[in-house]
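Chemist: Here's the letter readout for the chains.
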Amino acid sequence: MKHDKPEAITLAQFTAMSVPTALLILWAMLAPELGGDLELGRTRLTIWATTFLLVPGLGFWLFRTRSQAVANLSYLFWTGAWVVFALHAYWAIFIIFNGIPDTFVQQGPLIAGGNFLLLTVWTIDVLMIWLLPARFQSFWVQLITRLLAFLIFAVTLVVLRGGTIQILGFVFAGLLAAGALVRAIVQVPDARMEA
Amino acid sequence: MPVSRHRLNYVWRTALWACNAVLLVALGLTGLLVYLEGRWATPVFRDAPEAFRHGTIGTEVMPLPVALVLPDLFPHHFQPGGQEAGSWVEQFGFLDDPENPDGLPVGFTATNYRPLSAAPSPVRFVALTCALCHTSELRTSDGGTPVRVLGPGSVSINLFAWLDAFQASLLERQPVPAGRAKTDAPFTLTVEAITADYEDRTGDSLGLMQRIMIGMWLGQIRDRLEGNIARFDEPYGNGRSRDEDVTPTGPTRTLAFRTLLRNVMHYPANDLPIHSKIATIYNQGWRERAQFDGSISGREARSSLAAVAAGATDINLANPEIVHNIRKAIEYTISLAPPRFEEVFPDADLPDPEAVRRGQAVYREHCLACHGDRSGQGWEPGARTHEVIPVAEIGTDLQRVMFRHYGEMPDALYRYFPREHPFALDRSEIFPQPEDAGNLDIRGYVAGPIDGAFLRAPYLHNASVLTLAELINLEPRRGQFYRGWNLYDTDRAGLASPPRRDGLRYFRFDTSAPGNANTGHDYPWAIDDPERDPAALADLLAYLKTL
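Heads up: the protein sequence lines correspond to chains A and B, in order. Using our numbering, count along the first sequence one by one with no gaps and you end on 195. Using our numbering, count along the second sequence one by one with no gaps and you end on 742.
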């Protein structure tokens with residue numbers, strides 16, 4: 001089994017994703033009401049929330065071949081993270097900045113270009129996962145999209161930011177790097193598995 | 196009895212469905228809140244005069260219902276002179292504004308922005324506008340018809356005393372039985388009390404969202420005030436906020452740097468006698484330096500920092516409407532011209548034209564070099580106009596420019612606004628420059644144009660000289676006088692003071708108190724200079740009335 005697509009999702013699996021995702025969205029939308037810059041606060045907290053959801057989204061994906069349940073959780077969290085990231089993109093582009101051209105002006109072509117590229121490939125990946133049958137799923141598309149997400153988040157949080165969000169960036173990058181290392185250690189060729 | 200796996204599964208699935216349903220409803224309600232928020236505040240882009248009079252500059256203070264009911268609920272704070280001494284508006288020197296739709300005084304406006312953040316609010320908040328401090332009312336006799344003038348610093352406003360009363364109201368608690376801690380008692384001001392009084396007063400009711408917002412604001416501002424007690428101490432209130440020993444700033448003045456020291460640099464800034472008169476803002480286009488000490492050269496820097504000093508933040512100063520208001524108000528003051536003496540006081544004796552002619556000669560000999568002179572519709576600068584005259588030379592009170600942290604303040608202000616902020620500062624427009632931070636010899640007061648000189652009373656940066664006649668040493672300067680709703684003395688061109696305190700002139704100004712010195716600026720001659728020529732000074736006074 002390749003487990004490159006969610007199959008037979010259970011209510012418990014869906015709820016495992018929907019509860020943290022919904023709570024994180026509520027937190028990102030409501031916590032800034034208590035003070036500070038409301039819209040900037042929402043923009044910042046949606047990126048925190050995306051980061052939190054990406055950890056299981058990417059972590060489970062590394063081990064998706066273990067079982068369909070792990071694969072399902074991976075795709076569910078990946079999709080939940082995409083929803084929150086889309087929310088972040090909307091707030092950043094249309095509320096903090098004045099549309100897409102202004103986003104490029106304000107953020108610079110490198111950062112804005114990277115973010116738009118991620119949003120585009122992530123959207124395509126999510127649509128492929130949920131809409132296309134298993135035979136059309138591509139390991140390489142999934143790998144490249146996730147690598148891009150990991151690199152953009154890790155670099156942005158660890159290198160370009162400071163303070164608490166940088167600590168979150170280190171935790172994010174550290175956990176996933178550790179996960180990848182474990183995956184590499186426990187990986188065995190398919191043939192030996194069958195043997 | 197065995198557990199039914201089927202029933203357990205049923206309960207488990209029901210719980211999961213319920214959990215998802217609850218979260219879906221919560222997300223929907225949050226979405227609705229975000230949608231509604233987008234409709235609470237609609238930016239208003241006013242023209243220049245309107246922005247000056249009615250545009251918020253990021254100084255939202257309290258919800259409108261709170262502003263309307265506080266004086267009713269706390270008369271002991273808001274009518275310190277007693278009921279018979281007039282309304283709170285009169286007792287703190289504000290000006291009635293018959294055109295204000297909410298019954299608020301001049302310089303109060305209502306917006307749907309929350310304090311500090313300019314986030315949308317379902318309940319309107321009262322904000323302060325430029326006109327609050329820069330509108331004055333002059334009269335020559337009690338009961339006489341007042342003349343309202345836009346541009347000079349208000350001669351009557353006692354802003355710090357009003358703020359003390361406001362803070363005291365928020366922190367007031369119900370009486371406690373003997374032996375119990377004061378903090379055990381509930382606060383007097385509650386959302387229920389505000390709602391009830393507001394509904395009695397206006398006949399309008401407050402909606403759920405409005406009451407939630409008021410409650411949220413009340414909790415937040417109380418937390419802040421209580422957290423600050425350890426740094427700044429409690430407000431006095433209880434009719435004492437206008438006393439000179441409690442609020443030594445008094446009418447017409449502010450503590451120019453205190454808010455910046457506290458909010459930007461996080462110092463306590465207590466007991467600093469850095470009293471500064473509210474400035475007159477005519478013809479700002481003629482001035483190269485703002486502030487009495489000439490510490491700011493950029494117009495936007497001057498106005499944005501004035502807004503920060505009045506309570507705005509880098510966050511709400513990025514709000515498009517607030518940015519617009521500040522820029523338009525700047526535009527308004529660039530060419531705002533003072534009225535003529537005879538327009539303001541049509542019944543006063545006009546200066547003798549011959550005396551005015553002679554006075555101009557005296558002026559040009561003794562005053563032109565620093566202040567420049569009127570030239571047609573413009574202003575002719577003198578050799579030292581726009582120059583900061585060191586305290587050692589001018590001899591006026593030095594507290595305003597010699598306090599601790601003065602030298603390091605420009606760097607802190609420069610860093611306050613992020614680089615991409617609409618009011619991001621250029622370090623070169625805030626003084627002292629880094630290399631001069633510790634140089635006390637260059638600190639002083641700027642020599643600027645004095646158009647509308649007769650409207651700039653009381654004089655000197657600390658408002659310690661009541662009249663032009665005293666400023667030029669035609670008459671001796673008073674060591675003590677009383678401030679509040681002072682009458683205008685058209686002969687001496689300035690404010691009159693009663694010989695003793697009365698209900699309207701309640702604040703004893705003692706020039707021997709720290710920061711209140713009325714010394715210095717002994718031009719053309721010191722009062723005891725043997726060369727002093729009273730006739731020439733009388734002519735000079737006549738000319739000054741025409742500027």
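Hints are computed from structural coordinates only; laboratory data are not their basis. Among the hints, a few may not be true.
[What the hints assert, rightly or not] Ranges of calculated distance between the beta carbons of each label pair, as one might list FRET restraints:
#1 G36/A x D466/B: 53 to 63 Å
#2 R417/B x I167/A: 27 to 37 Å
#3 W130/A x N215/B: 15 to 25 Å
#4 A632/B x I185/A: 54 to 64 Å
#5 R161/A x R417/B: 27 to 37 Å
#6 M460/B x S67/A: 50 to 60 Å
#7 V105/A x M411/B: 18 to 28 Å
#8 R66/A x P197/B: 28 to 38 Å
[As the list claims (entries may be wrong)] Stretch by stretch, here's where chain B covers chain A in the computed footprint (C-beta under 8 Å, at least three residues):
#9 6-19
#10 33-41
On a predicted model such as this, the values are computed, not experimentally measured, just so you know. A virtual CB, placed ideally from N, CA and C, is assigned to each residue, including glycine.
Chemist: For every hint, state whether the structure bears it out.
Modeler: Going through the hints against the structure:
1. Between G36/A and D466/B the C-beta distance comes to about 31 Å, which lies outside the given range of 53 to 63 Å.
2. The supplied range of 27 to 37 Å is met by R417/B and I167/A, whose beta-carbon atoms lie about 32 Å from each other.
3. Range check, W130/A to N215/B: about 18 Å between beta-carbon atoms, so the 15 to 25 Å window is met.
4. Range check, A632/B to I185/A: about 59 Å between beta-carbon atoms, so the 54 to 64 Å window is met.
5. Between R161/A and R417/B the Cβ separation comes to about 33 Å, which falls inside the hinted range of 27 to 37 Å.
6. Our hint of 50 to 60 Å for M460/B and S67/A holds, since their Cβ atoms are close to 58 Å apart.
7. Look at V105/A against M411/B: about 35 Å separates their beta carbons, and that is not inside 18 to 28 Å.
8. For R66/A and P197/B, the hinted distance range of 28 to 38 Å is satisfied, since their beta carbons lie about 33 Å from each other.
9. With a threshold of 8 Å between beta carbons, the proposed coverage of the segment 6-19 of chain A by chain B holds, since 6 of its residues qualify and at least three are required.
10. Here's how the segment 33-41 of chain A fares: 8 of its residues keep a CB closer than 8 Å to some CB of chain B, so the rule of at least three is met and the hint holds.
Hints 1, 7, counting from the list given before, are not met by this structure.
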